[in-house]
Amino acid sequence: MKRRAFLAGMGASLIQTAIAAGVGLAEEKPTTAPMPKPAPAPRPTMANGPSASRFPDVTLTTHEGTDVRFYQDLVQGKVVLINFMYAACTNSCPTFTANLVRVQQLFGDRIGRDVFMYSISLDPEHDSPQVLRDYVKNYSVQPGWTFLTGSLADVTILRKRLGLRDLDPVIDADKAQHIGVVLYGNERLNRWAACPALAEPREIVKYVGWIDGSRQVPA
Amino acid sequence: MKSSRRDFMKWSLVTGGVAVAGLSMLKPAFAQSPVDPVCPALPPPPPPGTDPMPIAEGLQGMPGGRSPATTPWLEPLPIPSVLQQVASLNPPVSPNWQENHQINKGWGSDPGPQNELYEMHIKPGMHSFHPELPTQDVWGFEGIVPGPTMVSLYGHPQIVRFHNELPINHVGIGVPETTTHNHNGHQEPYSDGHPTEIVRSGEHRDHHYPQIFAGNDPREALGTLWYHDHRVDFTAQNVYRGLAGFHLCFDDVDSGNEQDPNPQALRLPSGAFDIPLMFTDMAFDSSGMAWFDPFNFDGFLGDKWLVNGKIQPHFNVARRKYRFRMLNGGISRIYGFELNNAAFMTLIATDGNLLPAPVQVLEVALGMAQRRDVIIDFSQYPIGTEIILENVLEQKDGRMPTGNVLRPGSPVLKFIVDRDAVGAEQDFSQVPLSLRQMPVMDLATAQQHQRSFVFNRQNGAWTINGNFYDGEIPTFTVKQGQPEIWTLKNGGGGWVHPVHIHLEESRILLRNGGLPGPEDQGRHDVILLEPGEEVKIYIRFRTFLGKYVMHCHNLLHEDHAMMLRFDVVP
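As they're listed, the protein sequences go chains X and L.
In terms of this note's numbering, the first sequence opens at residue 55 and continues consecutively.
In terms of this note's numbering, the second sequence opens at residue 14 and continues consecutively.
Isolated chain L (complex conformation) (with noise of 0.2 Å):
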């Protein structure tokens, strides 16, 4: 179904039980889904098993041209392992570690006490992305994909000590030497994994996690981030083979367990029923091997999907709800989801932050590095329903989808009703009407604080206001605590740029002059800009001082220098 570029992926949702106009213009459409015969505004729906998405482009140049036929659903939703604690590390915490980190001075050569210690081991390890391609050589965090899940709690500070161990003389796409992000964490910048920081194969570096607030207010709280490789120029490359994973931190309000006493608690679906999703997208040469391009530099498509590593799982579910924490992991792909019966999705969170107020959807869009949580119930449904999570956004090359809606979508993760929630899976969650509320913003103190940057592209390569990422020298200094309004504009009219911001989030204040909708109410660290569209966002940097970075996290835009240093100062 064809749509007019502009038109397309509205959001549509009900609010307190009130539909708005995107939902009338949606439900019919759902209604009239290719299962009903009498539709004749539908194209006939593709032979079972056919993937309805194009080809990305980029793919001419591989072996074979497309990826290998796989059956879809054959395996199980694979969910990370969370990461444990270690007693103790060795050799000990740097003696300069009071030189390297800004806060908790005065423990000493040993902070060990005072924090959760943790140790990841960046290495090869052989993973099987579907049971009939060959298994494969990949990089993991703990050698795995996606990596271990880290779990942490408000004021428990963490160290976590990050080993490369990637082979040094390694040929082939990826460079082993390594520096180890946490998204959307709020930490100094020794430990924010700077893109020229590089841990070398053999070397080891400690990262220090406080767990604080920012401007100590719970409000600031943080949810889903993910950690992920940012080594300058190769970022596409090391993520693509594999370093990234989840990072689930929980506090008081959101506490990880759904029968907490503690009144305070939101007691949303915990443990088995809090599940992350990472959606990649890759390519596989005739041989099955994962291939990539590295001379693409407006994005790379792959034309296989996977969630948390495996090409379209399936994922048997009790009759109750979940939490899914939807996390775009991918290079260079935006999504749109919708589940093919047309149910509504309970969104909850957006970059990893509850919203003051869960809001119902039909469709998750996800760009590159969002996360978007969501609430599904399945007791309404009889065991044995299967619901296939679709991806309905059609995208043929790397700068942005084409503006079509297909439906049915292609096909990613199917839900398989199979038991009933009885005893240990008994639905003790809930999902409270008020969720989490926003810090007060200082908007008179920020009016006077204001800056501009366009993203454009410029000779094949992508500039932010015109200029190259430059990891030596500070665009821009900006005061600690000092509130601001940022414009974020792009420059042009062919591609999306989902801009990240390193150590605070942001507020939308205006998008394209108009007031922020439902979605964008939140806060954020992933700004998707749309083809010229310009987005007024608040925000100020706390806690600590030091060089951080803003990029496109279309991470080939990235690699080619859409990416600018900024300094925060006293």
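Only chain X is shown next, with the shape it has when bound in the complex (with noise of 0.2 Å):
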């Protein structure tokens, strides 16, 4: 008998999305303000939502050169999807930041209105909010999908709580080899979920769509 290694032995469719969609926007109340936010007024740094315990607050700076706090500002009572980027990145970078223009294609006006994309910078370093601006330009990507720097300190811990993290400290450290994973959620329900940044977009986006609260009951 072979023996074996350690364990020897153990032995919907999109226009239906997009209809549903228009129905969640008749129930909730559409956010007014487009993202980026002027710069924020000095605020009481308790932040209560539903998902306050599971995001760190830190404070970021848009494309655009806005300061933001990441929970207070960007996440909080808000349909998002999230993911880690560097401009600098050739490898895989280019190919989810292609793939979620897609997705901020299908969702059309809904991105910055009722659903908010951010994309935070892996190389806060180097990635000044001018850097992430031409980026911006030349990926034409359109307005409401928000692109993020701020310390490597802020970011890491971010980074790290949201789940983009190896195992293997030498590929964590390693941004080349970051993880391709984009969090979707709805912090009004503290509810969250991933999927891969190369999924499907119109998968992504009747993903969304079963969580941003238009399947909800008006309170």
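The reader is advised that the hints may include incorrect statements.
Said to hold, decoys possible - Pairwise CB distance ranges, derived in the manner of DEER restraints:
{"id": "1", "chain 1": "L", "residue 1": "V467", "chain 2": "X", "residue 2": "D222", "range": "48 to 58 Å"}
{"id": "2", "chain 1": "L", "residue 1": "D483", "chain 2": "X", "residue 2": "G131", "range": "29 to 39 Å"}
{"id": "3", "chain 1": "L", "residue 1": "I396", "chain 2": "X", "residue 2": "I225", "range": "47 to 57 Å"}
Hints listed in this document are in silico derivations from the structure and should not be mistaken for laboratory results.
Only a predicted model underlies this, so the values are computations on that prediction, with no experimental measurement involved.
For every residue, glycine included, the Cβ atom is placed at its ideal position computed from N, Cα and C.
Please dock the two separately framed chains into a single complex, following the hints provided.
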């Protein structure tokens, strides 16, 4: 008998989604203020939405140069998609970003209104708001999808808290091998999931449609 | 005790009373168990009540960092109640019945008389995991964890109406949308619990379980099944919240009656001595509430051991034989179970299917979603004997065990021999040397139809042949009834994938080029792929047409796209 290894013996279509989204809009009060917001005024640091304990409320800077609090300004009360990237990445980011551009196109004008997209730089020391602005321009990213930078320490805290980590510290420290996962969720429901950044755009849009609150009964 | 990674959990067994090599390696280790103070080779036992298992790395973000201490063995093992038939369904089964269902057409709009009818309400309930933790909100079939046990008899088809009564505005872990998979059931796609066939809160759906043998071959009989939620992207969260239960199937051979006069009947321990054991691992925050990390794509481990929804329960047994149906209902943990008195267990079924012959084992290894039925004979022990079922496989993260074997292991369930088996408890059961024979394989045809699948990690998510799950499009089609050989390969070195295929079971032909060991001889619906392993299986899909899935049953790998759709075509 061959000895085995260590465990030896162990032994709704897109159109429907869009309609559902329309219904959702009618039920929910659309957020009127587009992102990014103006510089945040000083405010209490206590964030108390349903998902407050899951997200560090670090300060980041948008590609338009505005300082924002990650949880309070970007996530709280919203339906969001979050991923990580860096502008100089020649390996995986270009395909991820290109795929997410298709996602943005499918969402259409919902992005920035009731669904928000965020891409956070893994290389904040090089990715200044200007670098990210150029990146946005290169990929024809439309308004409502915000690219973010910040201090390396804050970005690392955020990345690890959001599961973008590798158990191998060498791989974890190597941003070229970074994780291509898009977190998506609805903060109002504290409902969070994730899918590969390279998943079919129509599938990403469908799955977000299923948690965006349009299936809720108005409170 | 440290052993090399590739070399632990040797399957030690005796067949027909003859010990093989693995036994001679393991038995001395047991003989020198930590109760022997003169043995220098073993580390000192941990203080009583201390669990030697390291705290899972994934719990660092949990308030408290580890679950609160709980006193073991306080409560008896709960045995889930059996789901009872209902006289009628209201409203009646949909007039679209014939459109959705593939067999027994011609029943008209009322298929009720031909079928046993059941209802299952998927709803919240209040549950106590342990008396020292707060009673809390869970989700359960019929509001209980585990759900009620379904009991089926071959030849008696069933319709089960699943009502989704979860709160539509639910906030937190889980999504109030369900699709219930009858795991390893031989059923049509409509009733299979397909990941994207979602039942929303306030809706219901009727599943048809025909209780027929694949290929009309009684050797294809299924025994220990389970049902659980399969909602795409949220399966781990919904199962963690409690959406799982047992489904036991009986036939003339495995009849569930140890006094059955039918000479065909095996008369295995039955009734109150046929015990389902659902093992799960969970974590509880500093306030004692169940905790889960939705941002962990490798896998989730808890630091509390639960059996049938209770942390470390005890089970009082009579001096006689019992059948235990062990199920790993957890998210990402792989178990190696041993009895702390180094006694053998008699393995009779893998993935719920009776083996050709029973096998004596010292350990039962159990990957996610796998089932192993064992017989334990307590007649040999005096009243007052206490035996602990331990997990000896150290695991620190959701990817796989470390390779260390812990002895003593983590105490999971305590058996207390507290009475003689007299009167109604008298033991009429037997464990025949021959159980159920295997169906014949058509390897000549299968060799002409081969496919291969590589399971891998890619940019932090999980792929099959480099692809992520896409529920809209079948990755391939397979001709109904055509025998095939599939090669399943774990493309990576740092993780384990228990691969589950819907509709039909498979047979292991080769594992890493070698013939399958005794533990691989049965029929399987979950094939555990260790790092780098390659397994060739024989499989064919009969009876039904349409869409099914294959996926990794580490539920966080499944939820992060290690799944594919395949369609069975004429």
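To see whether the hints hold, each was checked on the structure:
1. L:V467 <-> X:D222: 48 to 58 Å: Violated, since L:V467 and X:D222 (Cβ atoms, about 20 Å apart) do not stay within the stated range.
2. L:D483 <-> X:G131: 29 to 39 Å: holds, 31 Å
3. L:I396 <-> X:I225: 47 to 57 Å: holds, 56 Å
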